[in-house]
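S.K.: Here the protein sequences line up with chains A and B, keeping their order. The first sequence begins at 1 in full-length UniProt numbering and counts up one residue at a time. The second sequence begins at 1 in full-length UniProt numbering and counts up one residue at a time.
Among these hints, one or two may not hold up.
Stated by the list, open to error - Reference excerpt, derived from the structure (chain A facing chain B, CB under 7 Å, subset only):
no. : residue
1   : Gly315
2   : Thr330
3   : Glu620
4   : Lys623
What the hints assert, rightly or not - If you anchor each label on the Cβ, the simulated ranges turn out as follows:
no. : chain 1 : residue 1 : chain 2 : residue 2 : range
5   : B       : Glu197    : A       : Thr26     : 42 to 52 Å
6   : B       : Gly61     : A       : Ala195    : 47 to 57 Å
7   : B       : Asp34     : A       : Glu197    : 28 to 38 Å
8   : B       : Thr399    : A       : Ala195    : 35 to 45 Å
9   : B       : Gln30     : A       : Thr26     : 48 to 58 Å
10  : A       : Ile628    : B       : Gly13     : 53 to 63 Å
11  : A       : Arg29     : B       : Ala198    : 28 to 38 Å
12  : A       : Arg459    : B       : Leu144    : 49 to 59 Å
13  : B       : Asp4      : A       : Ala196    : 21 to 31 Å
14  : A       : Ala196    : B       : Asn73     : 31 to 41 Å
15  : A       : Gln165    : B       : Ala74     : 47 to 57 Å
16  : A       : Pro164    : B       : Thr399    : 26 to 36 Å
Stated by the list, open to error - 20 Å max Cα-Cα, derived EDC-like pairs, lysine to aspartate or glutamate:
no. : chain 1 : residue 1 : chain 2 : residue 2
17  : B       : Lys239    : B       : Asp128
18  : B       : Lys239    : B       : Glu271
19  : A       : Lys239    : A       : Glu197
20  : A       : Lys186    : A       : Asp128
21  : B       : Lys178    : A       : Glu271
22  : B       : Lys193    : A       : Asp556
23  : B       : Lys14     : B       : Asp34
24  : A       : Lys14     : A       : Asp77
25  : A       : Lys193    : A       : Glu613
26  : A       : Lys239    : A       : Glu271
27  : A       : Lys186    : A       : Asp159
28  : B       : Lys14     : B       : Glu76
29  : B       : Lys619    : A       : Asp56
30  : A       : Lys619    : B       : Asp145
31  : B       : Lys186    : B       : Glu140
32  : A       : Lys178    : B       : Asp434
33  : B       : Lys193    : B       : Asp34
34  : A       : Lys14     : A       : Glu140
35  : A       : Lys193    : A       : Asp337
36  : A       : Lys14     : A       : Asp80
37  : A       : Lys193    : B       : Glu197
38  : B       : Lys239    : B       : Glu197
39  : B       : Lys178    : B       : Glu140
40  : A       : Lys619    : B       : Asp234
Because the hints were derived from the structure by calculation, they are not lab data. The structure presented is a predicted model; accordingly, all values stated were derived computationally and were not measured. Ideal Cβ positions, reconstructed from N, Cα and C, are used throughout, including at glycine.
Protein chains: 2
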Amino acid sequence: MSQDPLVIFTPSGKRGRFPVGTPVLTAARQLGVDLDSVCGGRGICSKCQVQPAYGDFPKHGVTVAADAVGDRNAVEDRYDRIRGLKPGRRLGCQACVQSDVVIDVPPESQVHRQVVRKAASDRPITMDPATRLYYVEVAEPDMLDPTGDLQRLGNALRDQWDIPQVSLAPALLPGLQKVLRKGDWKVTVALHKPAAEAVPQIVALWPGLHESGLFGLAIDLGSTTIAAHLTDLDTGAVKASAGIMNPQIRFGEDLMSRVSYAMMNPGGEVEMTRAVREAIDALALDICKESGVDPSLVLETVFVCNPVMHHLLLGIDPVELGQAPFALATSDALNLDARDLGLSALPACAQVYVLPCIAGHVGADAAAVALSEQPGRAEELTLIVDVGTNAEILLGDTTRTLACSSPTGPAFEGAQISSGQRAAPGAIEAIRIDPETKEPRFRVIGCDLWSDAPGFAERTAATGVTGICGSGIIEAVAEMRLAGLLDPSGLIGSAEQTGTPRCVPMGRTHEYVILDASAKGGSRITVTQGDIRAIQLAKSALYAGARLLMDTRGVDTVARVTLAGAFGAHISPLHAMVLGMIPDVPLEKVTSAGNAAGHGARIALCSLTARREIEATVKEITKVETAIEPRFQEHFVAANAIPHASDPFPNLLTHVTLPAVSFNTQGEDGGGRRRRRR
Amino acid sequence: MSQDPLVIFTPSGKRGRFPVGTPVLTAARQLGVDLDSVCGGRGICSKCQVQPAYGDFPKHGVTVAADAVGDRNAVEDRYDRIRGLKPGRRLGCQACVQSDVVIDVPPESQVHRQVVRKAASDRPITMDPATRLYYVEVAEPDMLDPTGDLQRLGNALRDQWDIPQVSLAPALLPGLQKVLRKGDWKVTVALHKPAAEAVPQIVALWPGLHESGLFGLAIDLGSTTIAAHLTDLDTGAVKASAGIMNPQIRFGEDLMSRVSYAMMNPGGEVEMTRAVREAIDALALDICKESGVDPSLVLETVFVCNPVMHHLLLGIDPVELGQAPFALATSDALNLDARDLGLSALPACAQVYVLPCIAGHVGADAAAVALSEQPGRAEELTLIVDVGTNAEILLGDTTRTLACSSPTGPAFEGAQISSGQRAAPGAIEAIRIDPETKEPRFRVIGCDLWSDAPGFAERTAATGVTGICGSGIIEAVAEMRLAGLLDPSGLIGSAEQTGTPRCVPMGRTHEYVILDASAKGGSRITVTQGDIRAIQLAKSALYAGARLLMDTRGVDTVARVTLAGAFGAHISPLHAMVLGMIPDVPLEKVTSAGNAAGHGARIALCSLTARREIEATVKEITKVETAIEPRFQEHFVAANAIPHASDPFPNLLTHVTLPAVSFNTQGEDGGGRRRRRR
């Protein structure tokens, strides 16, 4: 009794019997095996490469003969000659089943392949992009049965790909006929299908088989910086990353200043919108140029941003975000054309996805962090803080997720700090102060030596020591507290009180001199009382936000803290805790998630499933509005002390001793008044 | 046993019982009675006015008491005081059922009211526009449950109008928040829903109740002229009509010249597209200004045009339409935004609908004629010709419809005629030639006297007699044939041959002098041999096209001829038949349909049902391509004679005698060579 050959696919394990002569691609499709193809089985795209395995497979109960899928045919030979086929590889659309066989589908031949992210803790992204390529052969026009070229293209997609209906981006109409004729009625179309129920739209087309790929930009549009990641929409690989300063800084460093600018200057919001769009255009062109990608291939862009940047990107006056009840114009995710945003670097019909906002002060950037960090899947109650000019704070575990934002201001980014500077070569990024001698030693960006190591001066001669960046100032303030130069209220002691001549008077207060090379024409780098106050304001806001979420959740402690944001990666957990930026947890439970918002943007760029997931998640998140919550003010005031006026830090105290000093002998002006910044 | 009161609506006859106190609008909705409302029953829009009828109604079996719907309430009194309510009218949302009642819904309170068109033969249009107004009250933002303003607007449409999902045109995002606040959270939105399965899109919104209406433009984009009809989308009434010359004339009078221009001049198609779009913008602004309508209220535009104009409007190079196989870039109906067409006079998100094209040479204008004239519903086999620079020809009855186009050239519009001119005051529009004396008498546009009537000179002194328009030249040639001045081959006889000194030599041929006021500084108006040839080419093309459809249908005669086109309205059926423009039918069976293409555009503007109908119809029409059909050439040659070389015209001969003259005594250059024009 003869039976059709058995075909077993790995890694899926899907199996079935097929008549002799069935192409492997056909067998895969019938079994629902995830095997890619752009050309639809014509042997030209090579996306369906498979690896037949030969010999005995007791596990599967089959023995695979050497000729189980026959020999390479002429199409495969030609492909191998011209483009190269790895040893053992076959084209799934050409290799035909002859006898029982085990066929491995390598990851690069899977449509929904998983892309492993860099950090070990990262979840892989399963590729499921909104835009995909389809190669079709279109019927030529027939005078006797006249239909439009577009309709025949639609018929080809229907007949060759089972796509019942498509539309064409109007901007492509003028070029359609030329492309069809140039490709001799064979074309590759890029179809964008943003949702399961949407009619797919042709957003690009090329003559013949398009082999230069498709790309997307994941853009993290921050108040201070704009970061973009150019991503291959086929493989999910990041081709290049680049960042520029947000040119809106000239209208105001923090978000509330920009809202004020729009309120005070008629048309100010239009000016700010134009500035940020121009910057995005420039960034897109730069990153394409740098990586050698034709901008016309960048067919998708995903934006994550805080609510004010969200509105300014969309051309919406942010004035409502500056006053209660902080109403967003729109909170849901948006699908737009690039031209809707006036972006000219990308094709007019390139598609834009903007993640949903969570609340008036909790934006698409926080949603992106939630998408990347998945607080709702955490077994332990996890606090996630994305530290920037505004801090996005999430608290969650499998039972519930809460979110808020807190106006930390730009101090953590080294702004509004007397010796502050951007994280760039020459900036102090780490510092230690000897508790005995009160002498500092430090490291600067661009050199891995400490400043008291031999050779430091030579190695830093080119850059010099120019200032303190965000992570440096956090360490400096924390080290000053640990060294007894700073009391719990945040006052810097005098030389007499501290016993070091590095504490010098500055008006009615004092500053701590880290470095004074001014006599030799170098920098004088100090931490002033004003710097301490700025950091206190920032960290109090951050801590108060976290505390408010904990209150709402009904807890006094959290199990884990994740520091997100580009800057979060550089913060020393110990110093952050000495400062009281974050609640007390075991030090090893404080981890960095890198640029979680940017990661979230990239996930949304690669996966429609992820878009649906975050759209559902944001609706379930408990939103906490810091601006109207009286307890926020209480928490803020209590958090002004370093590390805190009342909350205990038992875990921290197992690592450090906090000197019980007090320098309040004169009428210093208290803890400062809180200014709301966003 | 008491029963709920019986409510009977007229004219629908729908009836049902409702509890005492039920608002009439509620009862109407529950019964599916077509009763309009924009405000959703808040007593402010007055769209739901009804007329209760009182007394005995034996037909319905009820007696209606005087207080059957109670007295006017305060809302109605206020409305009457401020806006006026006709006697007997009530607001359906305020009047509540008290006892049995008969309620008439006047036409203006019906959503799907029928709009009777001017001509008695016209079918009424049932209003079913794609864009409609909805008044909603939107929830104010709530910090504790933050959602975007757009989402709350969507919720209001869902809760107050059962519209589950809407999108917002991106161009409206920047203004959304201001409108909501200006209207104190009460707004009117214009929702565009182009198809049953489409998610409606908000394309405009206004604070409070919007009472200035919505408008649409029906545009007949011809090769020579562009005509627009500004239409009220609520009532279907035409507010104003206006026309301008198509500025593309400077690139070529007929369509093939324009295609050639695009082929010969790189970027020529871009230039032509820009020209026509600018003209449409100017026309839209003019017609709005003239009728006092704010252009921002013109939210829909429907275009009908031939395939070349269709492509040039859409920015598509028409080169493919100039050569076999005459492939359209796209043939299906199109839904676009005004900005897709670069139209700036209208709102960016104003919606455009372009009717489907039938074939490479049979455009959306022919589809519009089919929509207006419904050949597929004709009981008698009907030939419809839309005469313009290109003639659209349809042949149909209830069994089948066929269509073709024929390149008549602009001669019928008075172009390429030596004394030809546009139809304007001073142009000869009708002419009679005495068969005995061969003396002409004529009428000019702007004066209803014939030229031999007393007072003609005085009455036409202001305009003068300046030339011959399209209908005039048809009559002139036909009258020359009837008076024996022209032989069947189209030759003009000499003075000797014809016996009138009005036939004067002109080179080797002759011309007939209608008027010579040149001695007094006036016009000299003649019909030259060249004019006759131009008219022969045009009429032969028209007749050959019609004959080709008849061949395909397998008939030698038709039952009825409909002359469409603005120009068709002015053609004398007798003279058209003498000329042999149209097949022989009883004279009373030749009727004019007015501007059928324009009517079709207006129908599509007012009715989604009509759009679906014509989209289905064009797929069923048998397309006949004149350019490749050998019989077209045969028919063309045979149709060169006046009226025809071989086809009999028995009906015509019951009205006129055709003199059997022949002037071919010298080597005149035959019937001319046919040049293809489109």
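S.K.: Tell me, in ascending order, the numbers of any earlier hints that this structure violates.
M.R.: 3, 5, 13, 14, 18, 19, 20, 22, 24, 26, 28, 29, 32, 34, 36, 38 and 40
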